[in-house]
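A.B. asks: One line per chain: the protein sequences are U and X, in this order. For the first sequence, the numbering used here gives the first residue as 1, with consecutive numbering after it. For the second sequence, the numbering used here gives the first residue as 113, with consecutive numbering after it.
Some hints here could point you the wrong way.
Just so you have them, the derived chain X footprint on chain U, three or more residues with Cβ under 8 Å [stated by the list, open to error]:
| hint | segment |
| --- | --- |
| 1 | 5-18 |
| 2 | 51-57 |
| 3 | 78-88 |
| 4 | 92-105 |
No lab work stands behind these hints: they were computed from the structure. Ideal Cβ placement from N, Cα and C applies to all residues, glycine included.
Here is what each chain is made of, one letter per residue.
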Amino acid sequence: MKKGKIIKFISAFFIIFPLIFFANTTSLANSEVILLQNLIFSVSLASLLIWPYLKKYYLILCLILIIVMVFLSTFKLLEAADYAGSTAFGIMFFVLLIYLPVLVRRGHINEL
Amino acid sequence: MNYNRFKSPLIFFLLFSATLIFIWFKQGLIYGGGDVGLQTYNPQRTLENAQYIWWEAVAPGNPIPQGLTAVPFHFIFSKLQLIGFGPVLLQATLFFLILFFMGYGMYRLLLSIFNVNKFYAILGGLFYMINPYMMVQVWHRFVHSTFFLAAALPFLVIFWTNWIKKGNSFSLLLFLFTNLIAVYLYGTLAYLLTVWILLFLITLGEIIIPFTNLKHSSRLLVKFLIGFILWLLTNSWWLVPTFSVGPATFAQQHTGEESLVTLINISKQTIIPYSLQLVNPFYLFLQAELGQVYANGLMRIIPWLSVIFILIGLISGLKQKKIVLYSLIFLIVLLFAKGAASPFTYPYIFGFEHLFSLGILRNPFEKIGILLPFVGSILLIAGIGSLRTFFSRFNRVYYINSAIILSFVALIIFHWPMFISQPFGKPNNPGYVQVPQSYKDTDNWIKNEVNINYKSNIGKILHLPLPLGESVSYKWRWGYNGLESSDLLFSSLPSISHGFNISRLDDSLTALSLSFLNFGISNQNYILRLLQNFNVRFIVLHKDINWLGGDLYDPTLIEEKLNQLNFLKKSASFEDLLVYKVSDDNFKPKINLTVNYQLIYPSNNGTFWPWSLTNDNLMITPSLDDQINNDTIDLANQVIVFPESSFNYPHSVFINNLVDQIASSEALAQSLISEIRKVKPILLQNGEINAEHINDKLISATEKMIVMLKAKRENSEITNSQLDDYKMDMETIFSQDLRNSRLLLYINERDMSLFLQVHFHSLPKLKEGLNPNIQIQVDGISQYLNNQLIRYNLIPQYSLKLDTKEGIDSQKVFKFKIPKKYQYEILMIDIKGSTLYPTFLQKINLSINGQVKELTGQLKENVMSFGYYEFDSGDVEIGYNIISSSNLAQSFDNLIKIGNVTIADGVIKVESIGGIGYIESSIPGARGGDVYRVSFEVMSQNANGFNFQLAQDIDNINEAGKKVPQLNEFINLTPNNWQHLRFTLNPLKLTTQEASIRLIVSSNPQSLTQSAISIRNLKIEKILNNDIVLKAVLNEQNSEDDGGQILDISQKSPVLYHGKVKIIKPSFFIFSETFHPGWKLTLSDGHKNFSPKEHLMANLYGNAYFIDQIGEYDFILEFEPQRLVNRGALIAFTTYVGLIMFIIWRRFRKHES
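Next comes chain X alone, as it looks inside the complex (with noise of 0.2 Å):
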């Protein structure tokens, strides 16, 4: 081995490396946020939470199988962290070994590959560690999988390439090696793809150019897929528990029109021209995020002059037998990383369509991408080799070099941001990460107080104000923007600090967290309720977080409300955070036993919390699976049944109104059709291909029924093809599931269900005077029609017989599904301002299955009961009138008022006054959820339009210091022409406080003549949109609640608990993490072992089991995905040992032979 040949590069990108942490690091910071949060912050804890396929840290718990990719590295780095390595080093030591990595492994794969000069094997590893896809895509995106990725292909692929040609086993070995340090990679599952369609196209490559004979083909194939095989087993402990436990978790955080429409807007930005250049547009045109310095034409220009040494490469590699297959490689990989950008779309469409996995790939630049750069760098050598041979037959050869060499500089310049600053944040912005050291002393305290007086039944934190996404922005000295990170900032205790993208438990964790808010000092039992549900020990109240334009809540006012509570203590405070602890008699440990239970049957709309409307006792719900047995109904205290779904449907009367005016005036026809073409060019820009499909058909239908009406009115024939036709637009609108399609994202479920109505309407009047055939034909659309506005809860089952006085035009619907037969008392929630409705709500007419009853209410707490009313099991519908309140506008001279605002026979006129006037009103009592309908007469006096605006507390604020509103539409209007406007405002945001109006006109500050509006008769209602729910009390509560004992428990792992537990009564055995069926409870009396029947969801989120046998028993609790894990582990464990084994066996046969 000639060690001189490997030395100099070697020492070359240690020292590159080295000076690109050097100054990637000068100010002694780490970086952190986006989407992986703190990484290397503490690999300590994160090997504690990775090792198992439960992440009890991050509370109440869920399964992250994919986590366990994550072991080895940190592993390796946490025995860093115990020899005195701190977050920063240890980031630059990260650091410095992927770009090392990086680089000498590009340039091993070259020499690997052709004969080629070092300097240019150099070269080559240069332009893999420096151009636009890793400055963007890799380090500016903050992957962390993708740093792995980009390290270990090189070596994967020089291994897997001696494994397939030379059938060389150590090269096998060193490749199962490399995948197992570089497992980390996988933690983006996409990157499975990634690796085996190049080792796939490699090995293809081998076999079929040149094909030789089948016989070396079949060897060739037979090494693939040893190597496959071998892959699998020793990666069969992260990948058997990842694709056994992640299906399910994944198909609820995403759709497949979700993927597909990411997919379409993010191929919008991978054209053929961003692509080759490797540039991802997004981030360093669009966002300028590496500064504005790209937008300048001459830097546009820099990445084509790469792209002209790969062409060139990939041009002349077709001639060369060693580089060949690469230039093919190079051009499969561009069609596939440009995803659904043109040439050959549909393929990728069509595969997103039918194949939900598929999903994965929703991002392919950013998925397959990587592989452009990688075989790049190949092709660029390969073109600057190709030139200089071109060059030298004139012996020119110093233009080529030359070229070479500004190119290169030029390519230095264009990543500037890597060589001066760093290319992880924004100029402005840099994405240094300083935890407050708050963080630490925090968790220290909890630390010590645990283990003084909570050695057992430890409990969790509770971090407040609680974000529902997975991401967080605190206001720390650096700023942070990214991935919630309190499971690694807080060892002490597992942390409630997130949501999940899961709804059932985000639901639930949104209850929880908004208790504080919606519930008062006088009724604080049903706060401690949802502590003690969630097992919570101790709430971190963070005044550091940046809570302002999303769903969060001031930390002052919470301060305030738990500083009043009674059974909270503020124990600690270190500068932002305050620790407030549950005192000891209040608390309740993870794992109890109760008698009494209450059925709960949530909602699925997520918009009903039952914490107010329950007594203490423990709350089942049965899980989707199983249906639970009629006994445990029977001996429940008692059943609250939400709706299964609610919807708002506009009256049958104003349809049929709508219907007489469409039939008879053509204008009014195609306006209705217009209402529904002008979503269409929204639905193609953001790339809803399937909405728009279905708005098409829409479009379609109702231009089909309008011209079937006009024949009616000219009594012209209709045909039986004109209804086949119409039947299939329908057809095809109800073809997919119309409820959940994304275009009711776009047009609102009233509209939906207007338009689809006027259809159902318009067809009895066209059958009038047909001949029966037609008839018949019409009366089976019309049976089709109506079963699929029932289907997907557009129309009520039952017609709603209920009076539609002036004003009401639309109704509420809720569909129940009645588990039993009992007598339910039927409740409406939420019942805060019901003095602003006619009759305060006392008297209200309900439609229940089709039939009315007017009822009287009576007002308990925050609930109005009216009355008690027998239902049999099975489908329940219950429907009134949505009626607006009293007018909530507050009167002129209470109204904030900006520029010159006059008042004159109930006429307000607003003029601006150095560009800008408006009238504020303020809606008294805004509280989130609240629906507001607001409608006012307008008319402009030299003004185009004025801004119409939603302000809110919650609402974000700008550079400039200003309040931004969620909501703000520019009006058009006409002059002089008084217009009528009315807009029913979404809900508010559930963290809303407070609210106002603004009707807002500006003009150009330098002009002569102002703006100005004139306003009459303006109305803010708020829209009756509260809940029903069904209520039946069975039993008396069992005086003694307790049906036995935990006498022992230790928790071995956050996986497995053991411990002792008495029965007295036939319970439940409660457990406080997220429910789901891998958690089993096994009890043994020494003699027989047997596992609980029923397993239910517990509280809205945990687990709960009911052992109905008396006795005492020893128990396991266990999850028992994490065998798997284990099983696995000794697999891969096994395989290695065997393929050295046989290793070392070939040595020795061939150095005896």
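With the rest of the complex left out, here is chain U (with noise of 0.2 Å):
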């Protein structure tokens, strides 16, 4: 079942990083930065997909970049705050993704 599972991630994997590939990615940014986000934003979309209990721990994933992206901003080292920031609510738009098929059957959700 595990090994399933894994193979079922790594699928989704490939499947969503060209996706996520183009929506993500332009000559304006630093390339290698944004290829790590693009892995983040994948391996978060695909794991989320295999596994949805990991929802909670990827908002609080969110919430700590959150923090951190707070900080920086507020040394004024903005480069890498927009990279923390946008790499949070990435996460967190894939999150309430997931949230979606609970939202539109209940309205709204008990548990995170």
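Using the supplied hints, reconstruct the complex from the two chains, each of which is provided in its own coordinate frame.
C.D. replies: Shown next, in the form of structure tokens:
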């Protein structure tokens, strides 16, 4: 079962990565950092699809990234703050996508 | 209804708003300027203008259909104006109402969304009024449509939600009515999207969160459609005209690529950290327009306090049925408002590249970002509520209460400009406006003159100096910088007072403006002709204008000239405003008839003005869509054809030599690539994504070419696949319109031609000795490249076989489209300074369609005639060598010398004293449009480099009172090494009358050794850049120019004229308003109606109708798109009445049952 999930995760990753790459990549930003961000987004979305219970942990990760963003922004390290913040909200967007079936069914979330 | 529930918050918001207004207006002055000018200065005048699509007051007229949205607001405020409200009270009233409705509206919305303590709903309303977005992006930006959006949004959502959820038709009526009162918000068309994105998301949320069943969903969808359709019907009076008339104008004012570049550059400021804080960093941090205090670390932390509450509300809202929708909407809006910032950058860019209309969202933070504080206010209160609930479990509610109070205190401190001074201007420049009394006096004087003397044939006011853009700066008591507003300040007559960002019209207005500079007293008839063509009755000279640093000229210079013109009389003077009147004999009315005409085919470049070449007759230009009738051409007095396009390009002999050197030298090849490559970082920095893509392909193609040349040199093989890859790069470069690419803003056309010609001339060199298949492939690429270079005006179609002497490395080519076969006179215009050139330009070699002709010129006033030549209809190409004048640099004795400046053996040494040393050489006879080449050799002694400056008389003056040259470049030098430098300057600004070159060396004043540079062989040469025009004289002028008589004329409105005309000869009926196909002339002889078949452009901007039927007719001249407004108003009225009747009927039925 576990092996099956890992195979599904890897398959999902390879399907999702090109889509994320298309949506998130331009020549305007540092290509290495964007590549890393693409990887993070692809891993997070693929893992959320396969293991939905990870939602809560990803939300905690988002919160941590937002706190990092606030600190970096206060010290005027804006590029780094932007990467932290944009990663946080990208992941948050995926988490809410995963919550969407629950929201459509119940109208709210009982537990995060 | 529990009245007490509403009373105290109502009073709170009334008092709070009133307090802010008192603080903002305590000086008793209005605010103005910026993009909107003086919106509330004269509502009556604005109403007069805005109720028609055609704005006659902004002469010579232009359709501004979205101005219709200003009608309801200005209608109401014009009534206040009638009862005695002055500009200050009007503006204060507007701002008070906006503030009050913002706060109270959000308060009511919060109460309607969830059960919340009144106190927290008030807090939510306060936050909506006072947050970084509102302070900077709404109040400080000063865009009035945004004020209305901010105030209307809460009510729109309340009423829409009631309609969607409960099907309450009365709520739907209130929704539509709110739209009507606040319709001014749609003056910014993008707000259509803002409002409907929000309403759509709310509706979608109601449908799917949760999804109950298909029936319920269908019902909600139907309600959405009903609401949307009724909204469309009730707004059709401005929607239909705007989307019928507007798109053609918008397309002329903005291109898709410009919108994309704007989006990318603005998105650098709307990154997630800033968007979340609701902060616009450009105004708040970079420009520090609200004070330097915002650079302080503590101030930078404060906005995060509210973000914490909002994010808590966002997460906790997911667990609450009533809030979950707003949590999701906040996230969606954040992703929209950040624009092309990370994450998910590409979808926005993709949309902009493929959909021109998306350009209205080129500043998404401004257009959609207002939804962030809107939804944020809801989530803020939700977050506060969640925290209270959490802390109440531990009986620690006072912690959270203290945090809330501290946060709001911090918020008030952060927004100190709103509470201590005002958020509009800057701390040292509050944005006050006090229009001088002289404006009212001048307007009243003109009004009086018109009422007494000119009841009909009133004419226009020309304001000089004439700004060519839409903005202006005045030296009023508190200054003024912003939208040129003479249409409001002068209600007596329409005002020609600024440009329109429409190239054909702006070109003609530039000619009108510069005629006062370019024509002397001896040829003042040209000035008169322009004034007549533009139907000018009065000229108002503004001596209070800030003319430096832009496209304006010194008004005192023009005053002297105006005083000398014998068709003008200085009639009045009010402080800094002087009024001149065109004598009645010389005035030409707006509508007139003429028999004689000449055909003008103007240039698209907008650098030629035909008035000096033409005679007094009407100028007719065929419109872009219609082909002119052949008979109409033949009856013209003369035909003048300006080049459709012109360009400079490097001589092919020069290119061939360069290619030979590149083929044999690796270093030179790399140097060529680095020239192309050096532009890349600037393109990236400026967000020029398309230009950067083309630049990348050019680099890639050049690298491939160099590899192939190297292979050729080393006798290695060149493969098909190498050539295929190379061709693909070339095809990408030419896949878009290269001539209109923004890359040409960074690489000038001559250099672009050089780079591509290197490729073109390298291909034959590759071909030698290759196998036949490869040779065929190379030939194919060569042919492709040749076609593209000709197509995009980078090389001429016909090779210019002109002699190339030393010093000539470029040629100028003109492409003409000849309308009909005639004998054309070849003219070179604007010949001032011809004596500077070899043979005084009286002998010149011209290439005409590839054939070289040695021609002798004859000087006629300011024009050199090179004889007659027969041209067939179709394309013609004429070119000449770009030659340079004799050296114009001043001798050593005549140079301006600062510092220690000496000369020995022809070498000038400039040493800094007290930190600075320079030489300055004036350029004798420098005039606007001139192109100069400056060359010299320079060597450094102790200097890292020097500054090269071009100083002009129109340069701006900084706060220290010093002139700031527009060109000021620092050039690095290697010490003790002579460097040869050559600069070809951009054409001088059109209003330049004096120019000089400065070479400046500077050093640290405390340093023991002073910097010095040595200069030799300084040359300043004027480059021949004059334009070629073709003129054919066809017929003698008809001695009687009057083709008839305008018997009667009555202007019913700015969009409707009635009258009577008698036609005795086929003539042109001229109407001196801006050309627009919407202006329709209908003639009637009592039995039948007809319209002239040809509607052409008159005098390079106006309207001309050719009437060939003799007789006496009644005429109606109407701007037909105005009918759309009338029809739309009828539809809207009918819809409102229908809905009201429906509501009454339903209430009646409900009451009965």
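A.B. asks: So, for every hint listed, does it hold in this structure?
C.D. replies: Hints, verified against the model:
no.	hint	verdict
1	5-18	violated (count 0)
2	51-57	violated (count 0)
3	78-88	holds (count 8)
4	92-105	holds (count 7)
Comparing the model with each numbered hint stated earlier shows that hints 1 and 2 do not hold.
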